[in-house]
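Participant: Go ahead and model the full structure; you've got the sequences and the hints to work with.
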Amino acid sequence: MSQSDKTFSAACPLPIGQYPHAVMAHGGGGRLMQQLLELLVRPALDNPWLEQRHDSAVLDCGGTRLAFTTDAYVVKPLQFPGGDIGKLAACGTLNDLAMSGAKPLFLSAALVIEEGFPFDTLRTVLDSLNAAVKAAGAAVVTGDTKVVENGKGDGLYITTSGIGLVEHGLSIGPAAIRPGDAVLVSGDIGRHGVAILSARESLGFATTVESDCADLSGLVGELIAAGIEIRCLRDLTRGGLASAVLELARDAKLDMELIEGAVPVCEEVRAACEILGYDPLYVANEGRMVLFVPQEQAEATLGLLRGHPLGRDAARIGSVIQAGAGRVSLRNAYGGQRILDLLSGEQLPRIC
Amino acid sequence: MKYVSEYRDAATVQTLAQRIAAAVTRPWVLMEVCGGQTHAIVKHGLDRLLPASLELIHGPGCPVCVTPQGVIDQALEIAAEKDVIFCSFGDMLRVPGSRTDLLAVKAQGGDVRMVYSPLDALELARIHPHQQVVFFSVGFETTAPTTAMAVRQAEAEGIDNFSLLVSHVRVPPALEALLAAPDNRVQGFLAAGHVCAVMGYWEYEPITAAHNVPIVVTGFEPVDVLRGVLGCVEQLEQGRGEVENCYGRAVKRDGNAVAQQLLGQIFEPVDMAWRGMGVIPAGGMALRGDYRRFDAAERFRLGAAPADEAGQCRSGDVLTGRIKPHQCPAFGKDCTPEHPLGATMVSSEGACAAYFRYRRDAA
Chain A
1 MSQSDKTFSA ACPLPIGQYP HAVMAHGGGG RLMQQLLELL VRPALDNPWL EQRHDSAVLD
61 CGGTRLAFTT DAYVVKPLQF PGGDIGKLAA CGTLNDLAMS GAKPLFLSAA LVIEEGFPFD
121 TLRTVLDSLN AAVKAAGAAV VTGDTKVVEN GKGDGLYITT SGIGLVEHGL SIGPAAIRPG
181 DAVLVSGDIG RHGVAILSAR ESLGFATTVE SDCADLSGLV GELIAAGIEI RCLRDLTRGG
241 LASAVLELAR DAKLDMELIE GAVPVCEEVR AACEILGYDP LYVANEGRMV LFVPQEQAEA
301 TLGLLRGHPL GRDAARIGSV IQAGAGRVSL RNAYGGQRIL DLLSGEQLPR IC
Chain B
1 MKYVSEYRDA ATVQTLAQRI AAAVTRPWVL MEVCGGQTHA IVKHGLDRLL PASLELIHGP
61 GCPVCVTPQG VIDQALEIAA EKDVIFCSFG DMLRVPGSRT DLLAVKAQGG DVRMVYSPLD
121 ALELARIHPH QQVVFFSVGF ETTAPTTAMA VRQAEAEGID NFSLLVSHVR VPPALEALLA
181 APDNRVQGFL AAGHVCAVMG YWEYEPITAA HNVPIVVTGF EPVDVLRGVL GCVEQLEQGR
241 GEVENCYGRA VKRDGNAVAQ QLLGQIFEPV DMAWRGMGVI PAGGMALRGD YRRFDAAERF
301 RLGAAPADEA GQCRSGDVLT GRIKPHQCPA FGKDCTPEHP LGATMVSSEG ACAAYFRYRR
361 DAA
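Heads up: the sequence lines are chains A and B, in that order. Mapped onto the UniProt record's numbering, the consecutive letters of the first sequence carry residue numbers 1 to 352. Mapped onto the UniProt record's numbering, the consecutive letters of the second sequence carry residue numbers 1 to 363.
Check before you lean on any hint, since a few could be wrong.
Pairwise CB distance ranges (calculated) [said to hold, decoys possible]:
1) B:Val29 x A:Glu274: 27 to 35 Å
2) A:Gly335 x B:Gln312: 35 to 43 Å
3) B:Asp83 x A:Gly335: 22 to 30 Å
4) B:Pro182 x A:Gln322: 48 to 56 Å
5) A:Ala262 x B:Ala250: 28 to 36 Å
6) A:Arg306 x B:Thr15: 29 to 37 Å
7) B:Arg249 x A:Gly335: 24 to 32 Å
8) A:Gly335 x B:Glu81: 47 to 55 Å
9) A:Ala135 x B:Tyr116: 31 to 39 Å
10) B:Ala22 x A:Arg306: 40 to 48 Å
11) B:Arg240 x A:Ile275: 31 to 39 Å
For the record, the hints were derived by calculation from the structure and aren't laboratory data. Beta carbons: idealized from backbone N, C-alpha and C, even for Gly.
Facilitator: Written out as structure tokens, the structure is:
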């Protein structure tokens, strides 16, 4: 090898600039999705209700407080261990309402069906959607159906919207979080992401992990009825626990600290993440939430959560520290601390 | 989790850190070769448990980071062709070429697919006989045997719509190159355990003999990394420079004979450009003899990859341990994972990505 200086000259590309078009990571719940929302979507639709920056907007309608939310569901495969796109579309919207502490009342469902899609599967999916909505004490009261050409629709997309009644006097949302609050999670994380991955034929590894896909509205209702002064709730979806906490820290302008070892992760999820090089903190969930409650109510909240089937593995995972730039740090078992950050793109399997 | 949790045990980590501190009597500079080890060190804050006089510098052991920009541009050119299914490991899809990246080509209609193995790409070739399926095969001696297996399988089945854009690299010549550099600071290496699981560590014995430098085969968990550091430090303090295996549960001296034989059958060592390091003699692998008909660069008549252009990024200095990522003026400012100047920032194994993700406060 030459020993000239040129041998080790740095040689790297120039910046590629911002993407002029959408890439998959713009929907991944990480930094690119945040940029899309902040730079394009929010400015285009700007209004005070959007500024609540919560999973559902709480609207005052002649003295009655209603929560309103919408979400589109795109998942491959459409049926996966622990659920299907119908259950997902129901639970996702019920959970968005629940995160405001709202009692779900009415949902809509819009179906975008790809030409050639089997009706047997459609029937199964709709049954599953309806069962979840009915179990929550709500109903699908309106909807829409469109069919797109073969090859243009990935089988089936579902968009659900939901209206719920806010019967409590709490202001649940990022603005209510206070320094000193305890950060709790309602159960172990990462099950949905791993279940979906394992169901994709290209991966080909077997796991018994089922999606955590579930409706949290009943559990939230119990907490409110028990008098827990919930400051904020957020269901964990794309981007996982880390992205949810980071978003809230930023919106609340509060620094937070999480304890890595306190975050519950089941053995199967941990093993799958090890193999793929994924961090469970960023893996998707569909039936878990992070909760912010006053320090002195942390134990009572945990007790209530653990008494419910959907909160059995609930844990206290950290604290809100102080006003700041929305920095979240993670303390590890060795006494070290590192920053937690939004993912820059989708999580990708490692090469070696 | 057996075979993982015991290697993350906090008490063992703290004991090892204390033993290292007790062993160190003067400043030493060690390089962990592998990007996976860099991430383990930064993610778990292991370097902060070590004495200040013991410096860990981060090596070129990330296959994504060392793939030259010219080869990325070749990949982009092939991926944009009609009737081509272009496949690679996930990490490669985000690495910038001179103008764009593979994910952007995909967003604009190119058939770019992430696969988990070259054998998955071969399966795509089987089920899409009227399309050319190209696998962008990068990686060290860890991934190359699977690529070799795919080539042998394609030949056995007569699959002629499958080819490879090859950018496989070899570790031992890179260590030689680092040691031979006029301003080398590295006094001991933590060798990448997974590379040695395939190749063994006999290849390192001539290097330690010629340079009197310790090379310690090291795993990727916190306990593994600290055992490797301790092994290196003890040798340095005693004036020894030998190969030592601290990853015995996965590595034997002779490695995996079947994989090595397969590699030798399909590939031959060639001089190869590493991003940021220039051409390293015998630093890469190319398809051998008759197997060259599976070479995508020849099939698509691409010619030689263009030489890298110099830019403002200093990832070459990062890859060779001259600077730490946060010492680069562009780090976290002009260069972020969304707008990377170099592969060390975009690759999940890259040192700059590790610092950005876990240690931005160091800047």
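Participant: Hints first: check each against the structure and report whether it holds.
Facilitator: Verification of the hints:
{"no.": "1", "hint": "B:Val29 x A:Glu274: 27 to 35 Å", "verdict": "holds, 31 Å"}
{"no.": "2", "hint": "A:Gly335 x B:Gln312: 35 to 43 Å", "verdict": "holds, 37 Å"}
{"no.": "3", "hint": "B:Asp83 x A:Gly335: 22 to 30 Å", "verdict": "violated, 56 Å"}
{"no.": "4", "hint": "B:Pro182 x A:Gln322: 48 to 56 Å", "verdict": "holds, 49 Å"}
{"no.": "5", "hint": "A:Ala262 x B:Ala250: 28 to 36 Å", "verdict": "holds, 30 Å"}
{"no.": "6", "hint": "A:Arg306 x B:Thr15: 29 to 37 Å", "verdict": "holds, 35 Å"}
{"no.": "7", "hint": "B:Arg249 x A:Gly335: 24 to 32 Å", "verdict": "holds, 27 Å"}
{"no.": "8", "hint": "A:Gly335 x B:Glu81: 47 to 55 Å", "verdict": "holds, 53 Å"}
{"no.": "9", "hint": "A:Ala135 x B:Tyr116: 31 to 39 Å", "verdict": "holds, 37 Å"}
{"no.": "10", "hint": "B:Ala22 x A:Arg306: 40 to 48 Å", "verdict": "holds, 45 Å"}
{"no.": "11", "hint": "B:Arg240 x A:Ile275: 31 to 39 Å", "verdict": "holds, 37 Å"}
Of the hints listed earlier, the one the structure fails to meet is number 3.
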